[in-house]
Amino acid sequence: MSLDLLIYLALTIAALWTVMTRSLLRSAIGLALVSAILTIIIFRLNAPLAGVFELSVCAGLIPVLFVSVVSLTQPYTHQEIIERMKSMFTRFRFLPLIVIAVGLALGLLSLKPETSLPLPADGKDVRFVLWHLRRFDLLGQMIVLLTGVFGVVILFKERKKSG
Amino acid sequence: MYALLILVPLASSIILNLLPKGVNKRIAFGLSLALSFLQALFIFFPACPVWKTGARTLESVFRFNFFIDNLTSVMLLCISIVVFVTLLASRKFIESGEKRGSFINVILVALIGMNGAVLTRDIFSLYVFLEITAVSSFILIALDKDILAFEGAFKYIVFSAVASVLMLAAISLLLLLTGSTDFNVIHALFKMQPAHNALVILAVGLFLCGLFIKAGLMPFHGWLPDAYSSAPAHISVLLAGVVTKVAGIYALIRIIVSVLGFTAAVQSVLLLTAALSVILGAIASLTQSDFRRMLAYSSISQVGYIVLGLGSGTALGIAGAIFHIFNHATFKSLLFVNCASVEKQTGIRDMRSLSGLAQRMPVTGVTSVIGSLSCAGIPPLAGFWSKLMIIIALWMEGYRVYAFIAILGSLLTLAYFLYLQRSIFFGKLNPEFKDIKEAGFALTFPAILLTAIIILVGLAAPLLLEKQIFTLNSIWGG
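Heads up: the protein sequence lines correspond to chains E and U, in order. Counted the way my numbering counts, the first sequence spans residues -15 to 147. Counted the way my numbering counts, the second sequence spans residues 200 to 677.
No wet-lab data here; the hints were simulated from the structure. Cβ coordinates follow ideal geometry from the N, Cα and C atoms, glycine included. Each hint can be trusted.
Just a sample of chain U residues kept apart from chain E, beta carbon distances all over 12 Å, derived:
1. T462
2. D489
3. L617
4. P630
Interface residues of chain U toward chain E, partial, derived using beta-carbon atoms under 8 Å:
5. F261
6. R262
7. F263
8. V308
9. I311
10. F323
11. V327
12. E330
13. I338
14. A341
15. K344
In isolation and in its complexed conformation, chain E is listed as follows (with noise of 0.2 Å):
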């Protein structure tokens, strides 16, 4: 359980400093980190093909999409970034207060919902179920990926050109 906690607290950490990290460069990193990470649950909850997919493909090819679209991209200057990230900070101040509080209070009310669940789903083979009976998703995730490398290309080549 405890194991488990630092994972869930590496998790969020890493979450955060893909968000408020100053680099584009560096969010993309720690956003492969996240999966990284979030592939460490994954395989703890005895999903290994859907951990290697998660690494493979979040991990991996995700992040690799998005640090190619960063060096097509003119980033700020330092003093710009420095700005933006000032405003940041004062427009959610309180935003870790009233994280806290909500979490404080949800704690206090200790609620005890019913969130009782059926069986779960017989265990189908992945193969089986990703080739037989998922095909149409397959399709439509192929087609999603293919459409947003195919945006990057259209929007952002040209644009380097002309800069």
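Could you slot chain U onto chain E? The hints should help.
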């Protein structure tokens, strides 16, 4: 057979990219236009033997389970009409061949996404195809690469990402609760779940919030006016006419009617959100001076009507809602086409700087009057019938305050459209525009086509309501 609606645009997109650039430039536009036209034919004549040619071979490879009912048919028809009109309008706005190629590729992907979302009978597949629609929409909004378009697209991405996370969380919970993502399985199991189960309530709440964001309902509408007004003019036609209807409203109706079912709490949330959208959307429209922003807020208000019909929870209300989806697709596309014509010819969207344009652009002027009146629910135009059905459904179910809000919203709609007509098309012609003329076939033909649909559907509405396309037995019967 319905797999053709996914596979043919996909194959066309791949083939267009493999062809030499010169050939691609010559055939891409005609091919995509033909595809959207064929889709409309497919909906009207699904039993035609032409569609079955080679279908068996395809179906042996791509075995997809689709959900085909009258709602599906109406949505597929809306998609084909609006895509057809968008493609025609794009001729006026996209000059360069390379850009047109990119545009057509993305439009074909959007067509796949919307068709897939409408056809699927699985909540996870619905999510995947809504993502395809959303990603292609981001690209389309930013296609002109100006800073405002990027800002609009970015806002849409951020809101859409939040909606996606909420929907994914809801899908995970539903999978946990039922062990399936199939509409029918979840629907059957949901009837057996205790209504007070916190996970059920959480799943329904998350799903509704996600879909409200996608539909642009108030108070989840932050992205919509910026996305509509910053996108290229012809893309606004697609976004307002059909993208948000498929991504938000169709998914909402399908999830409520075919998956989650109606409960008193769900109906209350739907009615309250819808009423807010109807009134606040209309009031916000009244305060706008930008043509496109006014139409964007008007869309929020009209989407509110659709959700009011759904919220009534009756067959008549849902029939009215679906009929209003179709009507909204036609009259709002028409008004955005009119806006594109005005913008193209004058370079101005600020209504305070425009006056008397109907003298120089009579087709645009007349068609915009028809579109506005249909939107305001004036008989005998198509918009009147759908609004009437929604109001009667609300009244019969005892939601009289909401029926009154719907009538008030219609009066406000008439008010802002009268203001729009007076500002842009009527009054004394501004001397600055004395030499302008109609925007040409690419924009006048879609306007005339959509006007004809609005008038014909309005006149034939009593007949159409009894025919297959607008009856709802197959939806209501589950």
